[in-house]
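Visitor: Sequence:
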Amino acid sequence: MSDTTTDNTTTTGDDQDLGAAGSQLSTAPVEDSPSPNLPSLGVIGWARWFWRQLTSMRVALLLLLLLSLAAIPGSLIPQTGINEAQVADFRERHDVLAPVYDKLGLFNVYSSVWFSAIYILLFVSLIGCIVPRTWQFVGQLRGRPPGAPRRLTRLPAHTAWRTSAAPEEVRETALALLKKRRFRAHVVGDAVAAEKGYLREFGNLAFHLALIVMLIAFAWGQLFKSEGNKIVVEGDGFSNTLTQYDDFKSGNLFTNDDLEPFSFDVKEFTGTYERTGPNKGTPRTYETEVTYTEGADGGEKSAVIKVNKPLEIGDAKVYLVSHGYAPVVTVRDGKGEIVYQDAVPLLPLDNNVTSNGVVKVLDGYRNPQGKKEQLGFQAFFVPTFGGSASGTMLSQFPALDYPVLALNAYHGDLKADSGIPQSVYQMDKTKMKEFKDADGELLKKLLTPGETMELPGGAGSITFEKDIKEWAGFQVVQEPGGGWALGGALTAIGGLAASLFVQRRRVWVRAVRGDDGVTVVEMAGLGRSESAKVPEELGDLAGTLYERAPGVPDPEPEPDGTPPEDPGTPAASPTSTSTDPDSQAVPAEGAEQQ
Numbered sequence: 001m002s003d004t005t006t007d008n009t010t011t012t013g014d015d016q017d018l019g020a021a022g023s024q025l026s027t028a029p030v031e032d033s034p035s036p037n038l039p040s041l042g043v044i045g046w047a048r049w050f051w052r053q054l055t056s057m058r059v060a061l062l063l064l065l066l067l068s069l070a071a072i073p074g075s076l077i078p079q080t081g082i083n084e085a086q087v088a089d090f091r092e093r094h095d096v097l098a099p100v101y102d103k104l105g106l107f108n109v110y111s112s113v114w115f116s117a118i119y120i121l122l123f124v125s126l127i128g129c130i131v132p133r134t135w136q137f138v139g140q141l142r143g144r145p146p147g148a149p150r151r152l153t154r155l156p157a158h159t160a161w162r163t164s165a166a167p168e169e170v171r172e173t174a175l176a177l178l179k180k181r182r183f184r185a186h187v188v189g190d191a192v193a194a195e196k197g198y199l200r201e202f203g204n205l206a207f208h209l210a211l212i213v214m215l216i217a218f219a220w221g222q223l224f225k226s227e228g229n230k231i232v233v234e235g236d237g238f239s240n241t242l243t244q245y246d247d248f249k250s251g252n253l254f255t256n257d258d259l260e261p262f263s264f265d266v267k268e269f270t271g272t273y274e275r276t277g278p279n280k281g282t283p284r285t286y287e288t289e290v291t292y293t294e295g296a297d298g299g300e301k302s303a304v305i306k307v308n309k310p311l312e313i314g315d316a317k318v319y320l321v322s323h324g325y326a327p328v329v330t331v332r333d334g335k336g337e338i339v340y341q342d343a344v345p346l347l348p349l350d351n352n353v354t355s356n357g358v359v360k361v362l363d364g365y366r367n368p369q370g371k372k373e374q375l376g377f378q379a380f381f382v383p384t385f386g387g388s389a390s391g392t393m394l395s396q397f398p399a400l401d402y403p404v405l406a407l408n409a410y411h412g413d414l415k416a417d418s419g420i421p422q423s424v425y426q427m428d429k430t431k432m433k434e435f436k437d438a439d440g441e442l443l444k445k446l447l448t449p450g451e452t453m454e455l456p457g458g459a460g461s462i463t464f465e466k467d468i469k470e471w472a473g474f475q476v477v478q479e480p481g482g483g484w485a486l487g488g489a490l491t492a493i494g495g496l497a498a499s500l501f502v503q504r505r506r507v508w509v510r511a512v513r514g515d516d517g518v519t520v521v522e523m524a525g526l527g528r529s530e531s532a533k534v535p536e537e538l539g540d541l542a543g544t545l546y547e548r549a550p551g552v553p554d555p556e557p558e559p560d561g562t563p564p565e566d567p568g569t570p571a572a573s574p575t576s577t578s579t580d581p582d583s584q585a586v587p588a589e590g591a592e593q594q
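Under this note's numbering, residues 1 to 594 are what the sequence shown spells out, in order.
No wet-lab data here; the hints were simulated from the structure.
One or more of the hints may lead you astray.
Computed list of lysine-lysine pairs in BS3-like fashion (alpha-carbon distance at most 27 Å, straight line) [what the hints assert, rightly or not]:
| no. | residue 1 | residue 2 |
| --- | --- | --- |
| 1 | Lys317 | Lys335 |
| 2 | Lys309 | Lys429 |
| 3 | Lys429 | Lys335 |
| 4 | Lys371 | Lys436 |
| 5 | Lys249 | Lys103 |
| 6 | Lys469 | Lys280 |
| 7 | Lys415 | Lys335 |
| 8 | Lys372 | Lys306 |
| 9 | Lys180 | Lys533 |
Whenever a hint applies, use it, and build me the whole structure from the sequences.
Guide: Following this line, the structure appears as C-alpha cells:
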C-alpha cells in the first residue's frame with residue numbers, strides 16, 4: 001500500500017509539473033473550476049460577473065455581430081442625415097410604417113440610442129479585454145520559458161536517444177540550434193527550455209486593438225465629416241465655402257472652420273464615347289482639367305480630375321461624379337437690348353444626356369408696355385437629335401453630334417422675391433403666363449445652334465448660341481478618420497491571420513549522463529492545441545541535433561536475457577517513443593489544464 005501511494009503521489013507531482021510547463025501558452029483569462037456549493041454573489045459579485053462576461057471574447061464577437069446587423073437598416077431605409085428628400089417621400093407613401101420607424105429611430109440609425117448602446121458596449125468590451133491581456137503578454141515577453149517537466153515522455157510529441165557526446169556539449173549545441181531557429185531559449189538545470197510563436201498572441205492583441213481604432217475612426221469620421229456637391233460650368237470656378245455648394249451635409253461636431261481652404265477653376269471637360277458595337281455610347285474618357293490654389297496665398301497648380309481619381313487637397317478629396325451640357329443662350333428685350341446671356345446647366349435624364357432645365361430672367365427685362373416683368377423658358381436639350389422623323393425628342397448619342405434645344409416661353413412673376421428658396425432647375429408657373437403663337441397655343445420651338453426664337457408682340461427674343469459648354473459635377477468630401485479606419489482594417493486582417501496560422505509552442509532538450517556513462521538525450525514539444533506542426537518541427541530539430549550528437553548502439557543484454565537498467569528512454573533513433581504505461585502522452589490541452 002505504501003508503495004502504491006508513493007507511486008500515485010509521484011505521478012500526481014509529475015502531472016502538476018507538466019501542467020506548469022504547459023501553462024501560459026495564451027494570455028486568455030483562466031476560469032476557476034466551479035465549486036459544488038457556491039455562496040450568493042451579492043451586488044459586488046454580480047458586478048464582477050457582469051464585467052467578466054462583458055469583457056469575454058464571445059461577448060465581444062456577439063456585439064460585433066449585433067453592430068453589423070444594426071447597420072443594415074441604415075443602408076436600406078432613407079436616412080435624414082443623408083437625403084431628407086427621400087425620407088419625406090417615404091413618409092408620404094407610408095402613413096402607417098413611418099411613425100413606427102420614427103419611434104424606433106430607423107430614419108437616423110447611426111445616431112439612435114440602441115445603435116449607440118451597442119457601439120459603446122463593444123468599445124468597452126474590447127478595452128476591457130485587451131488591457132489585462134496586454135499586461136500579461138508583456139509579462140510573458142519579459143520572462144523566460146519555464147523549465148522542462150520531470151518526465152518529458154508524457155508530452156504528446158517526444159523522442160530520445162543515447163550519444164557519446166558530453167551533456168554540456170549537447171546542451172550548448174541545442175541552445176545554439178534553437179536560437180538559430182528564432183526560439184527564445186536558455187539553459188535551466190540539466191535541460192534547455194525554448195519557446196516560439198509569440199506572434200500568435202501579438203496578432204490576437206493587434207486584432208482587438210485594430211477594432212478599437214476602427215471604432216474610434218468611424219465615430220470621429222461621423223462626427224466631423226462633411227460632404228457637398230457642386231456643378232461647375234467650363235470657365236467658372238468654385239471656392240470651398242458653405243455658400244458655394246448646391247447641397248451640403250455634415251457631422252454633428254462639424255463647423256465651418258473645418259472646411260479645407262482651397263478653390264479651383266474648371267478649364268475644360270473632356271468626354272469620349274464608344275461609337276460602335278454593343279457598348280455604343282459608353283464613356284471611354286471622363287476627365288476635367290482644373291487649376292487650383294490651396295489657402296489664401298497658395299500658388300496656382302494644374303491637375304486633371306478623373307473618375308475614381310480625385311484631387312486631394314489637405315483632408316479634402318474632390319471627386320468627379322457627373323457631367324452634362326450648358327447651352328449658352330442670349331435673351332433680348334423688345335428694343336434689342338441684352339437682358340440675359342449665360343450658359344445654363346441642364347440636368348441629364350438618361351445615359352445619352354437628354355437634358356432639361358429652365359432659363360430664368362429675373363432682372364432687367366421690360367415688356368413692350370415698359371412694365372417690369374420676369375421671363376421663364378422651359379428648356380429641353382439633346383446633344384444628338386434623331387430628326388423629326390424619329391418622332392421623339394430623345395438624344396441618340398451622348399456626344400454633340402446634332403445638338404437641338406427645345407424652348408417653351410412664359411412671362412410674369414417667378415416668385416423669386418418671396419423669400420422661399422427655389423431650385424435653379426425648376427420654375428414656379430403659378431403667376432406666369434404663356435406666350436402664345438399664331439394658333440393660340442403655347443409658344444415653343446426647336447432651335448439649332450445660332451437660331452433665334454422671337455417672342456410675340458415685340459416682347460423680345462431668345463437665341464441659342466453656337467457656343468455649347470459642358471459642366472462637371474463635383475463632390476467634395478472630408479473624412480478625417482478615413483486613413484485610421486483603413487489602417488485599422490489592414491491591421492485587423494494581419495492580426496487575425498497571425499492568430500489563426502501561428503502556433504505558440506515550447507521545446508525542451510534534456511541531456512544527462514546515464515549510469516553507464518553514456519549521455520541520454522530527451523526532446524519534447526508542446527503546443528497550444530493539437531497540431532501536426534509540433535511533431536514535424538520537433539522531428540526536424542531532433543534530426544539536426546542528432547547529426548551533431550549522433551547516437552550510439554544500445555548496450556548488449558545481460559546473459560540472463562534482461563536488458564541493463566537505464567534511467568533514460570532507450571531509444572536508438574530520434575523518432576522512437578517510450579512504451580512505459582506511466583509515460584503515456586498527455587494531450588496538449590489537458591497538459592495545460594493540469
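Visitor: Keeping to a limit of 27 Å between CA atoms, is the pair of Lys371 and Lys436 held or broken?
Guide: Holds, because 19 Å separates the two Cα atoms, which is no more than 27 Å.
Visitor: So if I understand the rule, the pair passes when the alpha-carbon distance is 27 Å or less; does Lys469 with Lys280 pass?
Guide: Measuring from Cα to Cα gives roughly 23 Å; hence the hint holds.
Visitor: Starting from Lys180, check that the Cα of Lys533 is at most 27 Å away, please.
Guide: Holds - the C-alpha atoms of Lys533 and Lys180 are around 18 Å apart, at most 27 Å.
Visitor: Are the Cα atoms of Lys317 and Lys335 separated by 27 Å or less?
Guide: Measuring from Cα to Cα gives roughly 48 Å; hence the hint is violated.
Visitor: Are the Cα atoms of Lys309 and Lys429 separated by 27 Å or less?
Guide: Not OK: Lys309 and Lys429 at ~41 Å, beyond 27 Å, violated.
Visitor: Need the status of pair Lys429, Lys335: alpha-carbon distance at most 27 Å?
Guide: Judged against 27 Å, a Cα distance of about 26 Å means the pair holds.
Visitor: Keeping to a limit of 27 Å between CA atoms, is the pair of Lys372 and Lys306 held or broken?
Guide: Measuring from Cα to Cα gives roughly 45 Å; hence the hint is violated.
Visitor: Given the hinted pair Lys249 and Lys103, is their Cα-Cα distance within 27 Å?
Guide: holds (24 Å)
Visitor: Within 27 Å, alpha carbon to alpha carbon, are Lys415 and Lys335?
Guide: holds (25 Å)
In terms of the numbered hints stated before, the structure departs from hints 1, 2 and 8, listed from lowest to highest.
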